[in-house]
Structure formats: C-alpha cells, structure tokens
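4 protein chains.
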Amino acid sequence: MTTRGYTASKDDLQARLRRIEGQVRGIERMVTDDRYCIDVLTQISAVQAALDKVALGLLDGHVRHCVAEGAHEGKSEEMSTELMAAVGRLMRRG
Amino acid sequence: MTTRGYTASKDDLQARLRRIEGQVRGIERMVTDDRYCIDVLTQISAVQAALDKVALGLLDGHVRHCVAEGAHEGKSEEMSTELMAAVGRLMRRG
Amino acid sequence: MTTRGYTASKDDLQARLRRIEGQVRGIERMVTDDRYCIDVLTQISAVQAALDKVALGLLDGHVRHCVAEGAHEGKSEEMSTELMAAVGRLMRRG
Amino acid sequence: MTTRGYTASKDDLQARLRRIEGQVRGIERMVTDDRYCIDVLTQISAVQAALDKVALGLLDGHVRHCVAEGAHEGKSEEMSTELMAAVGRLMRRG
Numbered sequence: 001m002t003t004r005g006y007t008a009s010k011d012d013l014q015a016r017l018r019r020i021e022g023q024v025r026g027i028e029r030m031v032t033d034d035r036y037c038i039d040v041l042t043q044i045s046a047v048q049a050a051l052d053k054v055a056l057g058l059l060d061g062h063v064r065h066c067v068a069e070g071a072h073e074g075k076s077e078e079m080s081t082e083l084m085a086a087v088g089r090l091m092r093r094g
Numbered sequence: 001m002t003t004r005g006y007t008a009s010k011d012d013l014q015a016r017l018r019r020i021e022g023q024v025r026g027i028e029r030m031v032t033d034d035r036y037c038i039d040v041l042t043q044i045s046a047v048q049a050a051l052d053k054v055a056l057g058l059l060d061g062h063v064r065h066c067v068a069e070g071a072h073e074g075k076s077e078e079m080s081t082e083l084m085a086a087v088g089r090l091m092r093r094g
Numbered sequence: 001m002t003t004r005g006y007t008a009s010k011d012d013l014q015a016r017l018r019r020i021e022g023q024v025r026g027i028e029r030m031v032t033d034d035r036y037c038i039d040v041l042t043q044i045s046a047v048q049a050a051l052d053k054v055a056l057g058l059l060d061g062h063v064r065h066c067v068a069e070g071a072h073e074g075k076s077e078e079m080s081t082e083l084m085a086a087v088g089r090l091m092r093r094g
Numbered sequence: 001m002t003t004r005g006y007t008a009s010k011d012d013l014q015a016r017l018r019r020i021e022g023q024v025r026g027i028e029r030m031v032t033d034d035r036y037c038i039d040v041l042t043q044i045s046a047v048q049a050a051l052d053k054v055a056l057g058l059l060d061g062h063v064r065h066c067v068a069e070g071a072h073e074g075k076s077e078e079m080s081t082e083l084m085a086a087v088g089r090l091m092r093r094g
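Top to bottom, those sequences are chains A, B, C and D.
For the first sequence, this note's numbering gives the first residue as 1, with consecutive numbering after it.
For the second sequence, this note's numbering gives the first residue as 1, with consecutive numbering after it.
For the third sequence, this note's numbering gives the first residue as 1, with consecutive numbering after it.
For the fourth sequence, this note's numbering gives the first residue as 1, with consecutive numbering after it.
Rather than coming from a laboratory, the hints here were simulated on the basis of the structure.
Bear in mind that the values here come from a model prediction, so they are computed numbers and not experimental data.
Positions of the beta carbon are idealized from the N, C-alpha and C atoms, including for glycine.
Certain hints may be false.
Computed from the model, here is a short list of chain D residues facing chain A with C-beta under 10 angstroms [unchecked claim]:
no., residue
1, 12
2, 15
3, 29
4, 30
5, 60
6, 68
7, 72
8, 81
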C-alpha cells in the first residue's frame with residue numbers, strides 16, 4: 001500500500017466523503033419534493049463548504065508528506081508546479 | 001405540486017445531481033485505493049465546478065420565476081433579502 | 001443625475017473604495033520593502049474580502065432598485081440575464 | 001536586502017499592483033459618475049481576477065523559494081502550517 005498524505009486520517013476522510021455523498025442525495029430528494037429554491041441552494045452551499053474542508057485537509061497532508069518527501073528526492077520543482085496547479089483549481093473552483 | 005424556478009428543468013437538474021453523487025462516490029473509491037492526493041484534489045475541483053453550475057442554474061430560475069412573482073405580490077424587499085443571502089453564501093462557499 | 005441602486009449610500013461606497021485603493025498601495029510598499037510573502041498574501045486576502053463586501057452591497061442595491069424598476073418596465077428577462085452574469089463573474093472571481 | 005520568493009520578479013509584481021491600484025481608482029470614478037451598477041461590478045470582478053493572479057504568483061514563489069529553503073533548515077512543519085493558512089484565506093477570500 002502506497003503511503004499518502006491522507007493515509008493517517010483515511011478513515012476520517014472516507015467518513016466525510018460518505019457524509020457529503022449523503023448530503024448530495026438529500027439535495028436530490030429536496031428537488032424531487034419540489035422544495036423551495038433557496039432551501040436547495042442553502043444545502044448546496046453546505047456541501048461546498050464541506051468539500052472545501054476535505055480539499056484543504058488533503059492539500060495539508062500532501063504538503064507535509066508528499067512535497068516534503070519530494071524535496072528529499074530532488075523533485076521540488078515538479079512537486080511545486082503540481083501543488084500550485086491544484087491550488088489554482090481550488091481557488092477557481094474547477 | 002408547487003411550481004418552482006427549476007420545475008421546467010427538473011429532470012435535467014436531477015440528472016446533474018445524480019452525476020455529482022456518482023462523482024463523490026468515485027472520490028471515495030480513489031481514497032480507498034490510496035490514489036495520489038493531487039488526483040483526488042482534481043476530482044474534488046470538478047465536483048465543485050459541477051455544483052457551482054447547478055447552483056447558478058437554480059439561482060437563475062429563482063430570479064426569473066420566484067423573484068418576479070414575488071414582485072407582483074408586493075414581496076420584493078423580502079425576496080431581495082433572501083436572494084442576496086443565498087448569493088453571499090455561494091460566494092463565501094458555505 | 002441618474003439614480004442607481006447605490007446612490008443612497010454613495011458616500012459610504014466611495015469611502016470603502018478609497019480605503020481599498022490605500023490597501024493596494026500599502027501592498028506595493030510591502031513589496032518595495034521586501035516584506036515576507038505570507039504577510040503580503042494576508043493583505044491581499046483582506047483586499048479580496050473588502051472587495052467582496054463592496055460587490056455584495058452593489059448587487060443588493062441593484063436587485064432592490066434597478067431589477068425591481070425593470071420589472072415594472074417589463075424588462076425582467078433582460079435584467080435577470082444581466083444579474084446572473086454578474087453573479088457568475090463574482091463566483092468565478094473574474 | 002532579504003531575498004524573497006518574488007524578488008526575481010519584483011518589478012513585474014510592482015507593475016501589476018500599480019495597475020490594480022489604478023483599476024480601483026477607475027472604479028471610484030465610475031461611482032462618482034453614477035455609472036450603471038452592473039458595469040461597476042464587472043470592473044470589481046476584473047480587479048479580483050488580477051489580485052488572484054498576483055496571489056498565485058506570490059504563493060508559487062513562496063513554495064519554490066521559502067518553503068524549499070525552510071525544508072533545508074528543518075522548518076518544514078512550521079512552513080507547511082503557514083502556507084496552508086494562506087491558502088485557506090485565499091480560498092475563503094479573506
């Protein structure tokens with residue numbers, strides 16, 4: 001098994017993702033039940049906030065583990081480019 | 001059945017949400033399979049972009065349908081406050 | 001003078017914009033003084049937050065004043081399209 | 001003079017910041033001239049996009065220079081914490 005930045009907190013990460021999956025299913029039900037648009041939007045914002053938390057946690061683990069390891073293997077430039085591309089996507093949201 | 005801003009495009013909205021749910025499940029599997037952090041982050045950014053599209057579509061329908069209707073019922077102020085709160089949450093992502 | 005959604009709070013809006021201009025000039029000075037990157041980034045985030053507040057205030061005034069007026073003039077569709085384009089740009093930050 | 005991640009591109013960074021300062025002043029003039037809210041909002045989104053570019057450039061230089069240097073001085077943990085706080089602020093916009 002390859003050790004990743006999130007390996008130590010894998011269970012927590014999987015639990016968060018399952019919760020987010022459940023929230024999205026909940027939004028589907030709200031639409032099926034013709035719930036008010038604003039209430040549906042409120043739930044979408046909640047999912048966005050939860051995804052941001054997961055993303056920041058993954059990034060944190062990646063910086064502390066993979067980027068640090070890459071530095072020892074002389075791969076700093078490559079790792080920095082990869083990291084910055086990920087940060088750019090998160091800031092632009094896609 | 002109460003008519004909502006998204007009623008006319010309900011099937012499309014539900015299909016998008018099911019796809020997003022599937023994407024989140026896919027991210028869970030990536031974590032189970034110890035996939036590289038950056039690859040997982042890339043998928044999270046994709047889900048956020050898809051959610052933003054759904055949110056903007058909902059907001060658009062709400063503005064054209066519910067806010068317009070509210071104006072005829074003399075509820076412009078109340079609808080504007082509600083709309084702006086939703087826009088604020090989407091901009092702050094949660 | 002054309003009345004805008006921000007006309008009633010024009011002085012406050014101009015004061016905020018002048019403050020933001022001053023903050024940007026302050027960031028220029030930090031760079032001239034070779035200040036630590038993270039400190040410069042912290043100030044940029046502060047300017048972003050201030051700009052978001054100004055933008056939400058403008059949008060709020062526009063929804064309550066211009067969009068409402070447009071509805072009476074039968075221009076709801078056009079105003080909604082314009083409003084949603086502005087919200088989309090703010091969410092994508094550009 | 002302390003060498004920073006942006007030192008090599010300092011002139012470019014200062015030119016960008018001066019342009020952004022000018023853009024903000026331009027927005028002030030638009031408000032003074034009672035320009036249409038949506039046009040003012042469009043310029044604010046342009047300033048935010050320009051600031052995001054400056055921020056990503058600063059972060060990139062910081063990761064490649066300061067974080068890499070910190071790793072050699074055994075300060076990886078501290079630098080990672082600082083970096084992630086900056087990324088969090090940029091994602092939350094303030």
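Taking the hints in turn, this is what the structure says about them:
{"no.": "1", "hint": "12", "result": "violated, 17 angstroms"}
{"no.": "2", "hint": "15", "result": "violated, 21 angstroms"}
{"no.": "3", "hint": "29", "result": "violated, 29 angstroms"}
{"no.": "4", "hint": "30", "result": "violated, 26 angstroms"}
{"no.": "5", "hint": "60", "result": "holds, 5 angstroms"}
{"no.": "6", "hint": "68", "result": "holds, 5 angstroms"}
{"no.": "7", "hint": "72", "result": "holds, 8 angstroms"}
{"no.": "8", "hint": "81", "result": "holds, 9 angstroms"}
When held up to the earlier numbered hints, the structure conflicts with 1, 2, 3 and 4 and fits the remainder.
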